[in-house]
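Trainee: Protein sequences, first through last, are from chains H and D.
Sequential numbering from 1 applies to the first sequence in the UniProt record's numbering.
Sequential numbering from 1 applies to the second sequence in the UniProt record's numbering.
Treat the hints as calculated values from the structure; they're not laboratory data.
Small disclaimer: the values here were computed from a predicted structure and weren't measured.
Careful, some of the hints might be misleading.
[As the list claims (entries may be wrong)] Only part of the chain D face toward chain H is listed, based on derived beta-carbon distances under 10 Å:
| # | residue |
| --- | --- |
| 1 | Gly74 |
| 2 | Gln79 |
| 3 | Ala81 |
| 4 | Asp82 |
| 5 | Phe83 |
| 6 | Leu98 |
| 7 | Asp99 |
| 8 | Leu108 |
| 9 | Ser114 |
| 10 | Lys115 |
| 11 | Ile121 |
| 12 | Met189 |
| 13 | Glu192 |
[To be verified] Which chain H residues stay away from chain D? Per the calculated CB distances, all over 10 Å, these:
| # | residue |
| --- | --- |
| 14 | Lys13 |
| 15 | Gly95 |
| 16 | Phe130 |
| 17 | Arg227 |
| 18 | Pro235 |
| 19 | Gly415 |
| 20 | Glu498 |
| 21 | Glu570 |
Glycine residues also receive a C-beta, built at the ideal position from the N, C-alpha and C atoms.
Each chain is listed here by its residues.
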Amino acid sequence: MTLFRIARKNIRKNFTNYFLYVASMIFSIVIYFTFVSLKYDEAITAATESSQKISSVFNAASVVLIIFVAIFIWYSNSFFTRKRKKEIGLYSLLGVRKKQIGRLLFYENFLMGIIALFIGVLLGSVLSKFFVTILMKVMGYDVIATFAISTNAIINTIIIFILIIAITSIYGYRLIFRFKLIDLFQADKEGEKEPKASFFIAVLALIFIGIGYWLALQNILESEAWRKIGIMVTPLVIILSVILGTYLLFNTLIVYLLKLTKKNKRRFWKGINIISTSQLLYRIKGNARTLTIISILSATTLTAVGASYSLYYNNKGNAELANPNSIMFIQQDEHLANKVNDKILQEEKHQIIYHKTIPTMQIRVDTSSLNNLMGESIQEYTFISTKTFNEMAGLQGRKDRLSLEGNHAAILDAGYYEGLSPEYVGSSLSLHVDSIAEDITFKKLLKYNVLNTKTANITVVIGDDLFSKLEKETALVNMEAYKITNENNAKEINEVIESILPDDASFSSFYNDYSLGMETSGLIIFIGAFLGLVFLAATGSIIYFKQLTEANSDKGRYNILHKIGVNKREVRKSIAKQVFFIFALPLFVGIAHSAVALTALSRLMQTNLLIPVFICIGIYMLIYVIYYFLTVRTYYKIVTK
Amino acid sequence: MKTILQAKNVQKVFGAKGNVYKALEDIDLEIKEGEFIGIMGPSGAGKSTLLNVLSTIDTPSAGDIIINGQQIIGMKEKQLADFRRNQLGFIFQDYNLLDTLTVKENILLPLALSKVPTSEIKKRVEKIARTFGINEILDKYPYHISGGQKQRTAASRAIITNPSLILADEPTGALDSKSATSLLESLSMLNEQNHSTIMMVTHDAYAASFCKRILFIKDGMIDVEIHKLQQTRQEFYQKILDVLASLGGGNI
Ligand SMILES: Nc1ncnc2c1ncn2[C@@H]1O[C@H](COP(=O)(O)OP(=O)(O)OP(=O)(O)O)[C@@H](O)[C@H]1O
Ligand SMILES: [Mg+2]
Chain H
1 MTLFRIARKN IRKNFTNYFL YVASMIFSIV IYFTFVSLKY DEAITAATES
51 SQKISSVFNA ASVVLIIFVA IFIWYSNSFF TRKRKKEIGL YSLLGVRKKQ
101 IGRLLFYENF LMGIIALFIG VLLGSVLSKF FVTILMKVMG YDVIATFAIS
151 TNAIINTIII FILIIAITSI YGYRLIFRFK LIDLFQADKE GEKEPKASFF
201 IAVLALIFIG IGYWLALQNI LESEAWRKIG IMVTPLVIIL SVILGTYLLF
251 NTLIVYLLKL TKKNKRRFWK GINIISTSQL LYRIKGNART LTIISILSAT
301 TLTAVGASYS LYYNNKGNAE LANPNSIMFI QQDEHLANKV NDKILQEEKH
351 QIIYHKTIPT MQIRVDTSSL NNLMGESIQE YTFISTKTFN EMAGLQGRKD
401 RLSLEGNHAA ILDAGYYEGL SPEYVGSSLS LHVDSIAEDI TFKKLLKYNV
451 LNTKTANITV VIGDDLFSKL EKETALVNME AYKITNENNA KEINEVIESI
501 LPDDASFSSF YNDYSLGMET SGLIIFIGAF LGLVFLAATG SIIYFKQLTE
551 ANSDKGRYNI LHKIGVNKRE VRKSIAKQVF FIFALPLFVG IAHSAVALTA
601 LSRLMQTNLL IPVFICIGIY MLIYVIYYFL TVRTYYKIVT K
Chain D
1 MKTILQAKNV QKVFGAKGNV YKALEDIDLE IKEGEFIGIM GPSGAGKSTL
51 LNVLSTIDTP SAGDIIINGQ QIIGMKEKQL ADFRRNQLGF IFQDYNLLDT
101 LTVKENILLP LALSKVPTSE IKKRVEKIAR TFGINEILDK YPYHISGGQK
151 QRTAASRAII TNPSLILADE PTGALDSKSA TSLLESLSML NEQNHSTIMM
201 VTHDAYAASF CKRILFIKDG MIDVEIHKLQ QTRQEFYQKI LDVLASLGGG
251 NI
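Make the full structure from the sequences, and use the hints.
Mentor: If you want it as structure tokens, here you go:
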């Protein structure tokens, strides 16, 4: 068939074009297939018993991935067809019938899609094993993943991509019918007018971004604006206003600023500035949409990865906060407690750092006097004496020491949340123990506990005298607290103790919380990092492709410059400057957006995200810088060829 | 008189094995300071190629080229670029204007690249724009101006640095006779007053009559050479027509 021959010849002639397109399709397929394989991987499902939760997280993430992959393929496809419009126009001019051309495009695209699908699944099979191993590691397992290709994953991938390929192929088929011949020939031409920039719209860009930032940084619980707009609607308003502002920023504000720099002749008319600045100005408007997409993608990536990494990073701290003692339980039966003690002593992996039997009282109190916003008003608090507190605080390396007189008390609340938790300090609480009724007043709030939260709940420290007075009227409850070495690797001893103790012993351990946290946050960070890497690779590629097209259309310009005596070093400098601008702008904007989002998030979660977020941004920038140098190099090569 | 340019046995071969084409065949040429040389010849004779080779934009396949006492074969890339920027001025057959710059920016580009002070740049641009009558279009982009205006812009850019050698490839090709004359007169004036050395390729006998010496090229070789000497422009013009006729008709 002649049509087939023409198609084959085409592919050979426009190899780089086809290569880039197929490569980006393969990339998408590999990513998707790898991810779906993880979902069906037996080692992972077996290791994580809570498979229900895991699979729902995976499902949500794969939906995000499908959307993204579809957009990415669509983008590469339109990039690819745009470069070929002229060629298509030529066929039409030579008298090939439209229907034939359409069929040619359809087959061609479909064939490439099938080839990409095949290669993608093959590569993905190898990669998925690698990723399974990583995932198990971050979740705190040391399982060797077995190599097995999941048929489910293959079927899933094939269905999704055949659909995407079919849609793009149909789009290709219809392309020829949608354009007039003249359009096809002019497809490659650049925008010819000098970009306009209105001061008003430039300011509007800043206002939109400003509104978004301002809303995001409000205290959600108290903000008037949030209440007026609505708690559910405000985040949407923030996102829309920031995206719109970003677009206007690139579309107008940057143009405006560039024009301003042009006004300063002393700088503009100096060396290569005149070339790089006007080149940028000429392009920026056409690039506004891409730059906006890249900024938003970067911001999303950084925020998601930063937040999930923080979760992982803070896991140990959170487990420690909830479990200041490695092991703790309520002693109801001395015999069982001794048995536990023996088991811990027997275990060679762990040494006991301290072991305390803590006398406490469990008293039901009416917390309505505390303005409690959350939970039941009748709660059971644990009461300990000042002496006990000081002793435990000392053992746990805390600096605080208490001395409480009369009916003064201190409260230990490890789950304290500013704004939601009761305002303890200054409030009073009535205690009714048998015949005694005492009003205690909170003088101090400590945002940690010396007892494990799950065993002891919120703990109240009262003066030694008051403690002994109440002690006579109510039964003391003894709690056993251990600190052991190697506490984050205590699966075996944990299981042993759990089997000995009854449920109402309220057993709690650092290991339980820690490993659960590792499992969930490990999964979240894995998915976050996975998606983050994909987005990063995609954003990098989008800029890279875009710049290469521009390099091709710049060839002529640099040739002219060469003729009038611009040397290669100056050419390189001009390119580096121009490309730097295109890379740095969205990165900078993305970082700014994500910084605001993460600040808001860290306020909401009341944790400090600084270190993990800096690490993420650092890595992101590093990869970005590599892309930058790669682009400059290729650009330079194309232009000076 | 100082020798500005000397070319010895210059050859240029295009294409690779099996498919070679000799565009220049053994050209010997010497240009003295203050000369105004015309190059004529049929289409495809190798005129543009010669100009490109002499102007260091293209490298010859064989031979030596010495400009202003400097051997340019084997010069470093940066030296060549500086040399082009400071010593040479071009007016290209296809203008070679940057569409990202305004007319004004195109003209002042060589000065900006050489980091000439802003006030000096302004002065020179004004003067040249007046000479070529393009004051009105200074802030337009090449997209929006006519072919003739583009050519005048290109000419302005070529001479704004006061180069010691101006190379022009059919500078009047797209001009009406009035603007052609004004361009040729400005070139003449540069030649007379600044002693700029000019080398101009042209098909047009009228344009060629402004030169002082004319080389006729055919099949990559210098065929005939005529001098103006004491003749008036009218007489010289007549002589050019005679030579063209004797060389084989009006297919030039
Ligand atoms: N880059 C090239 N590769 C191969 N052949 C070339 C190249 N440039 C020019 N030629 C050939 O060299 C010959 C001389 O070309 P040149 O451009 O010098 O002609 P010209 O005398 O300037 O013609 P015109 O008056 O039409 O401008 C032509 O036959 C042309 O096809
Ligand atoms: Mg020519």
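Trainee: Hint by hint, note whether the structure agrees.
Mentor: Results for each hint:
1. Gly74: This hint is violated: Gly74/D lies away from chain H, its Cβ roughly 16 Å from the closest one there, beyond 10 Å.
2. Gln79: Constraint on Gln79/D satisfied, holds at 9 Å.
3. Ala81: holds, 3 Å
4. Asp82: holds, 7 Å
5. Phe83: holds, 7 Å
6. Leu98: holds, 6 Å
7. Asp99: holds, 8 Å
8. Leu108: holds, 6 Å
9. Ser114: Holds, about 9 Å.
10. Lys115: holds, 6 Å
11. Ile121: holds, 6 Å
12. Met189: For Met189/D, the interface hint is violated, since the closest Cβ of chain H sits about 23 Å away, which is over 10 Å.
13. Glu192: violated, 25 Å
14. Lys13: holds, 19 Å
15. Gly95: Its Cβ never comes within 10 Å of chain D, the nearest being 31 Å, so this holds.
16. Phe130: Per Cβ check, Phe130/H is outside 10 Å of chain D; nearest 46 Å; holds.
17. Arg227: holds, 51 Å
18. Pro235: holds, 41 Å
19. Gly415: About 61 Å separates Gly415/H from the closest Cβ of chain D, which puts it past 10 Å; holds.
20. Glu498: holds, 73 Å
21. Glu570: violated, 7 Å
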